[in-house]
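S.K.: Sequence:
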Amino acid sequence: MFVTKPSLAILGGLDHLSEGQKQLIRRASMLSAESERMEALACRGDAEFNIADYGLNVSLLCRVFNILRVRRVAKDATTLRDYIGKPAKAAPAEIDRDPAPGYDAWDGAEP
Numbered sequence: 027m028f029v030t031k032p033s034l035a036i037l038g039g040l041d042h043l044s045e046g047q048k049q050l051i052r053r054a055s056m057l058s059a060e061s062e063r064m065e066a067l068a069c070r071g072d073a074e075f076n077i078a079d080y081g082l083n084v085s086l087l088c089r090v091f092n093i094l095r096v097r098r099v100a101k102d103a104t105t106l107r108d109y110i111g112k113p114a115k116a117a118p119a120e121i122d123r124d125p126a127p128g129y130d131a132w133d134g135a136e137p
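The working numbering puts the first residue of the sequence shown at 27, with every later residue one more than the last.
The set of hints was computed from the structure by calculation and includes no laboratory data.
Since the model is a prediction, treat every value here as computed from it, not as a measurement.
Cβ coordinates follow ideal geometry from the N, Cα and C atoms, glycine included.
There could be a bad hint or two in this list.
To be verified - Label-pair restraints from in silico Cβ distances:
hint, residue 1, residue 2, range
1, T104, G71, 15 to 25 Å
2, S61, L106, 29 to 39 Å
3, L106, G46, 43 to 53 Å
Required output: the full structure, derived from the provided sequences and hints.
M.R.: Right under this line is the structure:
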């Protein structure tokens, strides 16, 4: 099935889905892949791109998501003002970059 694990987790996991839900998820995956293909055509300015077909595809995808009860959930967003007002994080400690302590790095010269 061409679906990411987080997508399945939203719906309770693969084991908790009915066969009908699994079929709808497969259809949503296909519609998503086709949307990506159409968007690539649009970005390239390809004459094959058709805005009406794209709009229909997105509409169908939204309908499948609604049937599956997948909802958009807003995430807390930090405003630029809040971001600027936060104190800077401390620089990470220096990392020992010597891959083999006690040995000299090989310089490419033959012994």
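S.K.: None of the hints should be skipped; say for each whether it holds.
M.R.: Here's how the hints hold up against the structure:
{"no.": "1", "hint": "T104 x G71: 15 to 25 Å", "result": "violated, 36 Å"}
{"no.": "2", "hint": "S61 x L106: 29 to 39 Å", "result": "holds, 31 Å"}
{"no.": "3", "hint": "L106 x G46: 43 to 53 Å", "result": "holds, 45 Å"}
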